[in-house]
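Could you put the whole structure together from the sequences, leaning on the hints where they help?
Those protein sequence lines, which keep their order, are chains C and L. So the first sequence is numbered by the numbering used here: it starts at 1385 and just counts up by one. So the second sequence is numbered by the numbering used here: it starts at 56 and just counts up by one.
No lab work stands behind these hints: they were computed from the structure. Some clues are possibly wrong.
Claimed, not checked - Below are the DSS-like pairs computed for lysine-lysine, each with C-alpha atoms no more than 30 Å apart in a straight line:
1) L:LYS215 with L:LYS292
2) L:LYS188 with L:LYS148
3) C:LYS1464 with L:LYS228
4) C:LYS1505 with L:LYS228
5) L:LYS151 with L:LYS105
6) L:LYS188 with L:LYS151
7) C:LYS1519 with L:LYS228
8) L:LYS306 with L:LYS200
9) L:LYS348 with L:LYS329
10) L:LYS126 with L:LYS265
11) C:LYS1514 with L:LYS228
12) L:LYS228 with C:LYS1456
13) L:LYS458 with L:LYS379
14) L:LYS330 with L:LYS284
15) L:LYS422 with L:LYS440
16) L:LYS228 with C:LYS1553
17) L:LYS221 with L:LYS105
18) L:LYS292 with L:LYS379
19) L:LYS221 with C:LYS1514
20) L:LYS449 with L:LYS151
21) L:LYS221 with L:LYS111
Predicted, not measured: the structure shown is a model, and the values here were computed from it.
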Amino acid sequence: MKKFIVILVLCFVGNSFSLHAQMGKRTYVNQTEIGLMNYGFIPIQNSYSFLTMHGLKLTESWELGLSSGVEKYTADEYEKFWVLPFNVAGRFILNPHKRTTFYSGLDAGYGFAGLNSTADKVWNNTVTEKDRSFKGGLRFHPHVGWRWKVGAERTFISLSIGYQFQQIKLERSKLRPVFDGFLNNNLDNYYHERVTYNMGRAVVKVGMGF
Amino acid sequence: MKRTNNFISRGLIGLLTGILFLSVSCDRITYEQEVMAKVAVFKTMAEIRKEFVGTKDGVELQSTGKIYIYKDFLLINEPLKGIHFYNNSNPAKPEKITFLAVEGTSDFAIKDDVLYTDNYADLLLFDLKNIAKPTLMKRVEDVFKTVNTVWGWKPMNGTKVVAGWKDSLVTYKNTREHTPFVKYDTNINYDGNSGGTGQAGSLARFTISKNHLYTVDISDLNWFDISNKNTATYVDKMRLSGLLETIFPYKDNLFIGTTQGMHIISLENPAAPKKISTFAHFRACDPVVVNDKYAFVTLRSGIECGGGSNELQVIDIADLSNPKLKLTQALKSPYGLGLSGNMVYLTEGMNGFRSFAFEEGQQLSLKEVQNLPNMMSYDVIPGPKSMIVIGPKKICQYDYQDKSNIKELGCINITPGS
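So, in structure tokens, the structure goes:
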């Protein structure tokens, strides 16, 4: 499954160039961005994003396409998740003919969680988590930003800020701690747990495209 | 111009939207758990009063509470279950006499062959004239309003108490939020000596002084008139600050250790105790022992005790209304302590056992005499024949005539229960 998803992502990213060649210069668009995601203005407990959008220019101002890439999240301080996102991506360019323009966008889709390790978690030579499995979830990324044209006619660099929502579901059997309030007993050392992480992040992205 | 304004206004909308995105960023985490757990089983006091209270043979010591030396006998309280009796005329080889089953007991005290202990909300009096066969003399009903249960100290819920556990599959759902800028607290509930009486360690909750029995639950000091040997009359109670933990009588005063300090209570009128002062400290667990001039208090931090530090404090109590901190000694994880002459014996839980010589020269000082890091211990009683040290797996007695080198005499094993 993991290999399949990776191959799918690579095909998607790679195809952009051949699609570009096929679709012609006037209607085909691309934007590749790297992003820093965290909980606000202070860059701690950071998450990271790499995303490529491939689409068509529908009108002078509107672009529509698909985006994919890879993201790594830090959640609840200690949890780390890999996500393979697939989005439908839309862009609105305010002044497409100017060298500098405001734009806004929305990427919405599904993030797959197949890259995460399901191996037992071991701490202090004790298995603290076992039977781990991950499921991805819905995601959306509204954002606003600026584009600056550089060099050739259509090439630009971009800077955007936005909000990123991503859901991840984790199932695991967790070792019961010594102190856990009223459930403290020796009946069963592990308990089963389903944890749903609804992650909301502030995102700053830089990118380039054409 | 119009286009410029349009651009600026849209840009501002975008910027404000971005700031909004930044301000709502967090993790919303939902836990759905399925746990095999033991849930509480309630019993009424009427049901508890019908249950067996008396001696049982062949009951092994599974956990320890208060240790009490009475005459040549060693009595060990097993919290919530009862009291183990040993003949301790030879400290190297204590012999089991019997086990007195009393459900819900948290502590006990003895005066003139009468043993006083709690049976959840009731106070029971046992005749110890034949120590091999203690007999119930009197039950004083509904005197304790906060009782020790398998679930920790709880206020009496009507007439019901938590008397046990039942195996159950429990489902549990909880949602919380996480950002790096807000720290969430984890709240976890956890849960005496002289004149015809016996000698207890520093972790006692019952004590007898001046024909009165004094008990502490987590919030109140309760007292009973026991001048009539055949009964006990509840007199009154006093609400004290902090979570009350230990009670130590010395001469005309009671020293009550709490999570937030030490209260000094005057027993000048034993029927109407009066608070003289409180010595406050950071939140921690603190057993207390006292001599004429000084109170020795150990502070322990940790999950059940709150924050604070790990140390021994020596407090000048020459003026009881104005106790003053004189000396501190850093420790690792102190529990109960004992005082014998100028020696202070300290138990440090999993970090062993230590002893210090207390010297009053020009300057007060504590000089370490012995450090036994492998001798795991939770309370100590320097008794007349031996020093009794309670550990997690055994209760051992030591010859402590040579203060610099205590020698093990014998041990009683603790068999952990299922």
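Hints, one by one, checked against the model:
no.: 1; hint: L:LYS215 with L:LYS292; verdict: holds, 21 Å
no.: 2; hint: L:LYS188 with L:LYS148; verdict: holds, 21 Å
no.: 3; hint: C:LYS1464 with L:LYS228; verdict: holds, 22 Å
no.: 4; hint: C:LYS1505 with L:LYS228; verdict: holds, 23 Å
no.: 5; hint: L:LYS151 with L:LYS105; verdict: holds, 27 Å
no.: 6; hint: L:LYS188 with L:LYS151; verdict: holds, 13 Å
no.: 7; hint: C:LYS1519 with L:LYS228; verdict: holds, 19 Å
no.: 8; hint: L:LYS306 with L:LYS200; verdict: holds, 28 Å
no.: 9; hint: L:LYS348 with L:LYS329; verdict: holds, 20 Å
no.: 10; hint: L:LYS126 with L:LYS265; verdict: holds, 19 Å
no.: 11; hint: C:LYS1514 with L:LYS228; verdict: holds, 20 Å
no.: 12; hint: L:LYS228 with C:LYS1456; verdict: holds, 27 Å
no.: 13; hint: L:LYS458 with L:LYS379; verdict: holds, 28 Å
no.: 14; hint: L:LYS330 with L:LYS284; verdict: holds, 27 Å
no.: 15; hint: L:LYS422 with L:LYS440; verdict: holds, 25 Å
no.: 16; hint: L:LYS228 with C:LYS1553; verdict: holds, 15 Å
no.: 17; hint: L:LYS221 with L:LYS105; verdict: holds, 21 Å
no.: 18; hint: L:LYS292 with L:LYS379; verdict: holds, 27 Å
no.: 19; hint: L:LYS221 with C:LYS1514; verdict: holds, 27 Å
no.: 20; hint: L:LYS449 with L:LYS151; verdict: holds, 14 Å
no.: 21; hint: L:LYS221 with L:LYS111; verdict: holds, 25 Å
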